[in-house]
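Trainee: Sequence:
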Amino acid sequence: IAAQTAKQVIIQRIREAERQSVFDAFKGKEGAIVNGTLQRIEGGNVFVDLGRATGILFPSEQVPTEHYRLNQRLKVYVQKVEMTSRGTDIVLSRAHPGMLQKLFELEVPEIFSGVVEIVAIAREPGVRSKIAVVSHQDGVDPVGSCIGQRGTRIQTVISELSGEKIDVIPWDQDAGRFIANALSPAKVVAVDLREEERKAVVHVNEDQLSLAIGKRGQNVRLAAKLTGWRIDIVRTGEASKVEGTSETAAPPEEGEARGETPETTTKTPETPPAGEPSAAAPSDTAPTEPKAETPSETLPSEASS
Numbered sequence: 004i005a006a007q008t009a010k011q012v013i014i015q016r017i018r019e020a021e022r023q024s025v026f027d028a029f030k031g032k033e034g035a036i037v038n039g040t041l042q043r044i045e046g047g048n049v050f051v052d053l054g055r056a057t058g059i060l061f062p063s064e065q066v067p068t069e070h071y072r073l074n075q076r077l078k079v080y081v082q083k084v085e086m087t088s089r090g091t092d093i094v095l096s097r098a099h100p101g102m103l104q105k106l107f108e109l110e111v112p113e114i115f116s117g118v119v120e121i122v123a124i125a126r127e128p129g130v131r132s133k134i135a136v137v138s139h140q141d142g143v144d145p146v147g148s149c150i151g152q153r154g155t156r157i158q159t160v161i162s163e164l165s166g167e168k169i170d171v172i173p174w175d176q177d178a179g180r181f182i183a184n185a186l187s188p189a190k191v192v193a194v195d196l197r198e199e200e201r202k203a204v205v206h207v208n209e210d211q212l213s214l215a216i217g218k219r220g221q222n223v224r225l226a227a228k229l230t231g232w233r234i235d236i237v238r239t240g241e242a243s244k245v246e247g248t249s250e251t252a253a254p255p256e257e258g259e260a261r262g263e264t265p266e267t268t269t270k271t272p273e274t275p276p277a278g279e280p281s282a283a284a285p286s287d288t289a290p291t292e293p294k295a296e297t298p299s300e301t302l303p304s305e306a307s308s
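Mind the numbering: the sequence shown is residues 4 to 308 in the working numbering, read in order.
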């Protein structure tokens with residue numbers, strides 16, 4: 004009996020040591036991308052074999068436009084690792100903004116090395132994203148670095164995210180210019196900032212309304228989330244915003260940026276495509292001040308597939 008008890012104690016301690024080892028291995032990978040194989044799908048939850056452990060991809064962390072199949076190889080973002088009575092729980096994501104950031108770090112050496120920084124990300128998974136980038140080294144174009152020659156770098160990221168369109172926007176310390184950049188591809192006439200409300204009234208020409216607002220308000224919604232400002236779109240010469248809906252700004256999510264920028268009014272060149280009036284949208288989160296000096300003024304840029 005004593006031998007059996009000792010054997011059980013040893014087995015139990017071995018199991019506990021193995022559980023702790025798995026937990027330590029994956030806890031250190033929080034916020035990183037790992038490779039896995041789709042093991043099974045149960046009740047909408049996707050279980051991914053990560054080698055020494057199995058992670059779970061909840062429906063809220065899946066990309067709506069993606070269709071998963073058994074034995075499919077996946078890159079997944081390790082969102083959270085917790086020790087429970089059942090063992091190590093590993094929550095995975097493909098919809099988290101961090102997934103987009105880490106993919107760019109893998110594809111763009113300038114981001115990995117810190118020469119180019121991703122200041123803020125606004126993402127609607129599987130549909131469209133905007134990222135704001137800044138260079139900390141003279142002579143390095145942050146937007147061009149992310150896009151790559153003939154778009155090779157950004158196309159790799161887009162392919163991994165099943166065709167999600169990505170706009171690369173130059174960050175600017177001047178809030179008005181940053182908001183104008185974020186509304187790319189629309190051309191903005193002027194930006195009036197109301198600091199006390201953290202609201203920006205953006206003036207565009209009639210033929211730029213549909214571009215500024217985007218399909219179902221997507222462009223202005225992403226721009227608001229990227230910049231951290233509530234954005235109202237108005238026709239040039241009008242004092243009231245274009246008819247449509249407005250949302251309330253939410254507090255910043257963990258890992259997303261926030262910062263302060265001076266009050267300003269910005270004018271940018273006018274250029275057409277065509278449009279229809281729709282909506283104004285507010286912000287969700289605010290951007291982070293980057294670690295080093297800010298870049299010179301740049302015109303809005305976009306990279307999308």
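Incorrect hints may appear among the rest.
Straight-line distance between alpha carbons at most 30 angstroms, and here's what the computed DSSO-like set of lysine-lysine pairs gives [as the list claims (entries may be wrong)]:
#  : residue 1 : residue 2
1  : Lys168    : Lys202
2  : Lys218    : Lys105
3  : Lys78     : Lys10
4  : Lys30     : Lys83
5  : Lys10     : Lys105
6  : Lys202    : Lys218
7  : Lys105    : Lys30
8  : Lys83     : Lys10
9  : Lys105    : Lys32
10 : Lys105    : Lys78
11 : Lys78     : Lys168
12 : Lys83     : Lys202
13 : Lys32     : Lys78
14 : Lys32     : Lys10
Pair ranges (Cβ atoms, derived) [what the hints assert, rightly or not]:
#  : residue 1 : residue 2 : range
15 : Gln42     : Thr159    : 48 to 56 angstroms
16 : Ser88     : Ala5      : 45 to 53 angstroms
17 : Thr239    : Gln42     : 52 to 60 angstroms
18 : Arg89     : Arg153    : 21 to 29 angstroms
19 : Ile13     : Val143    : 40 to 48 angstroms
Honestly, the hints are just simulated from the structure, not real lab data. Every residue gets a Cβ at the ideal spot worked out from N, C-alpha and C, and that includes glycine.
Trainee: For the pair supplied as a hint, Lys83 and Lys10, confirm whether the alpha-carbon distance does not exceed 30 angstroms.
Mentor: Distance of about 34 angstroms is beyond 30 angstroms: violated.
Trainee: Given the hinted pair Lys32 and Lys10, is their alpha-carbon gap at most 30 angstroms?
Mentor: violated (34 angstroms)
Trainee: Is the straight-line distance between the alpha-carbon of Lys83 and that of Lys202 30 angstroms or less?
Mentor: violated (34 angstroms)
Trainee: For the pair we were handed, Lys30 and Lys83, check the Cα-Cα distance against 30 angstroms.
Mentor: Distance of about 8 angstroms is within 30 angstroms: holds.
Trainee: Given the hint that Lys202 pairs with Lys218, does the C-alpha gap stay at or below 30 angstroms?
Mentor: The hint holds at about 22 angstroms.
Trainee: Would you mind confirming whether the straight-line C-alpha gap from Lys105 to Lys32 stays at or under 30 angstroms?
Mentor: holds (12 angstroms)
Trainee: Within a Cα-Cα threshold of 30 angstroms, do Lys78 and Lys168 meet the stated pairing?
Mentor: Between Lys78 and Lys168 the Cα gap is close to 18 angstroms, so the pair holds against 30 angstroms.
Trainee: Straight-line Cα separation of Lys218 and Lys105 no greater than 30 angstroms?
Mentor: Holds, at about 28 angstroms.
Trainee: Regarding the pair Lys105 and Lys30, is the alpha-carbon distance no greater than 30 angstroms?
Mentor: Measuring from Cα to Cα gives roughly 17 angstroms; hence the hint holds.
Trainee: Using the beta carbons of Thr239 and Gln42, state whether their distance is inside 52 to 60 angstroms or not.
Mentor: For Thr239 and Gln42 the Cβ distance comes to about 56 angstroms; the hint holds.
Trainee: Note whether the CB distance of Ser88 and Ala5 lies within 45 to 53 angstroms or breaks it.
Mentor: Because 28 angstroms falls outside the window, the suggested range is violated.
Trainee: Starting from Lys32, check that the Cα of Lys78 is at most 30 angstroms away, please.
Mentor: holds (13 angstroms)
In summary, the numbered hints that this structure violates are 3, 5, 8, 12, 14, 15, 16, 18 and 19.
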